[in-house]
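Residue numbers (numbering that gives the first Met the number 0), protein chains in the order written: chain U, 0 to 240; chain A, 0 to 240.
Calculated directly from the structure, the hints in this document are not laboratory data.
This structure is a prediction, so every number in the text was calculated from the model and none was measured.
Here a beta-carbon is modelled for each residue, glycine too, at the ideal position from N, C-alpha and C.
One thing to keep in mind: the hints can contain errors.
To be verified - Computed, partial: chain A to chain U, Cβ under 10 Å:
id, residue
1, 183
2, 186
3, 193
There are 2 protein chains.
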Amino acid sequence: MQHQIKDVQFLPLYQQVRFQLLQKISDSVWLAGEMIPSEFALADEFTVSQGTVRKALNVLVAEGLLVRRQGVGTFVSDWPEEWGDARLVFHGAEFSSLKDRIEPELLSCSKGIATDRVAEGLGIKRNTPVINIRRAWRLSGQLVAFDEVTLDASRFDRVDARLIKQHAGKLYKLYLAEFGVRVSAATEWFMAAGSIEADWVRFTDNVPVLKVERCTTEMNATIFEWRRIWVDSRRCMYRSA
Amino acid sequence: MQHQIKDVQFLPLYQQVRFQLLQKISDSVWLAGEMIPSEFALADEFTVSQGTVRKALNVLVAEGLLVRRQGVGTFVSDWPEEWGDARLVFHGAEFSSLKDRIEPELLSCSKGIATDRVAEGLGIKRNTPVINIRRAWRLSGQLVAFDEVTLDASRFDRVDARLIKQHAGKLYKLYLAEFGVRVSAATEWFMAAGSIEADWVRFTDNVPVLKVERCTTEMNATIFEWRRIWVDSRRCMYRSA
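Here chain U stands alone, though its shape is the one from the complex (with noise of 0.2 Å):
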């Protein structure tokens, strides 16, 4: 189920056609719950039959990206949504209309190796490659929390701080459209962090520090990412999806 865009010009013809629409998708031509354009458009648009497209389609229908509305139209399908976008949340801004401007800061994207608690996370064996992607979260400006993204580098090997900027920092458009793996459902476990066992992760002493661990599976149901995030909640919360 691993694809490298770089070689579409060597699949079948609807196959390409098929990377064009999750690139449409993965460039937010068509946005998450949009109604994309009739096979005849399409099949028009990219110089293909219409029998070509609705193969393409119906991969994509399959893979869970796009919704067949019976005497509607195709939708592109909802995903669940990264952290950060309106997640992180200053205290007493709960019920706010107004969104806080959150950004994520790319600290480092090395390779590691994969530690008990992230190769259980993983379902793959302790040492492991994996690519680690660290970064620090501002809300209006305010250092509020650090997260760190594992991945298992033979699958994601060329995820590097170079294709991460490329891709503005979103990690669920850069595996569409670089491995065509596609997020379908993420799981999320929450405590209060005793201590913090990542030693890059620096609040102020004796900060009350809440860990999320989260686990996101493809649409197959494989887990192919595993997250920890640690906040300040001295200054902020996390809300649920």
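Following the hints, put chain A in place on chain U, whose structure we already have.
Relative to the frame of chain U, chain A by itself:
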């Protein structure tokens, strides 16, 4: 939108049927996700016309308690679960298929006054009379959490320890059966508790405590319940729905 089952005999016939249907849902005769009997079978059971059954079903569909699937039948819709139901998990047990037994213990159910925070959560005035339900939660016998449920006393006046026991501690079922209030959605906010503002919540000293605040809305999007839970993070985690 407040209903009192006890006045059922003075309601129009279709409303009486509606309450009998509600009762079947709240008594778990029909479970969430299950298909209910046909209009014909229900008319026969309640000795009313099929038109009266249809009218009652229409109201329940409009309220979101039932869902019609064309050409298939009418189903009991799903609703957000209460916490406890597999939301509290021991560390390391999150991928286990074994479910730990979670049990709430009612500590008290008493009248009180809305504090600032509760008033904001429930959208009522400060010092409004409220009902506070306090519980302790055990996971496989170990005390892992405390919670407090707050309701507007003017609306949920009949809620007391006896009524809670009568519904086996299932509050969502109680709201539906006794007040016709159907839970529609819940939003949660997570944080690490620096200090615990409730003096009746007693953990061993220096335990890192996760605090969750939760507001629950009914079908018309009004918030009617405010909860707080405190979880001993040394013992367990809280899992997202």
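Quiz item: For the hint on residue 183 (chain A), does the least C-beta distance to chain U fall short of 10 Å?
Solution: At 15 Å from the nearest chain U Cβ, residue 183 (chain A) fails the 10 Å test, so the hint is violated.
Quiz item: For the hint on residue 193 (chain A), does the least C-beta distance to chain U fall short of 10 Å?
Solution: Holds, about 4 Å.
Practice problem: Mind checking the CB of residue 186 (chain A) against every CB in chain U and telling me if the closest is under 10 Å? | Solution: holds, 6 Å
In terms of the numbered hints stated before, the structure departs from hint 1 and from no other.
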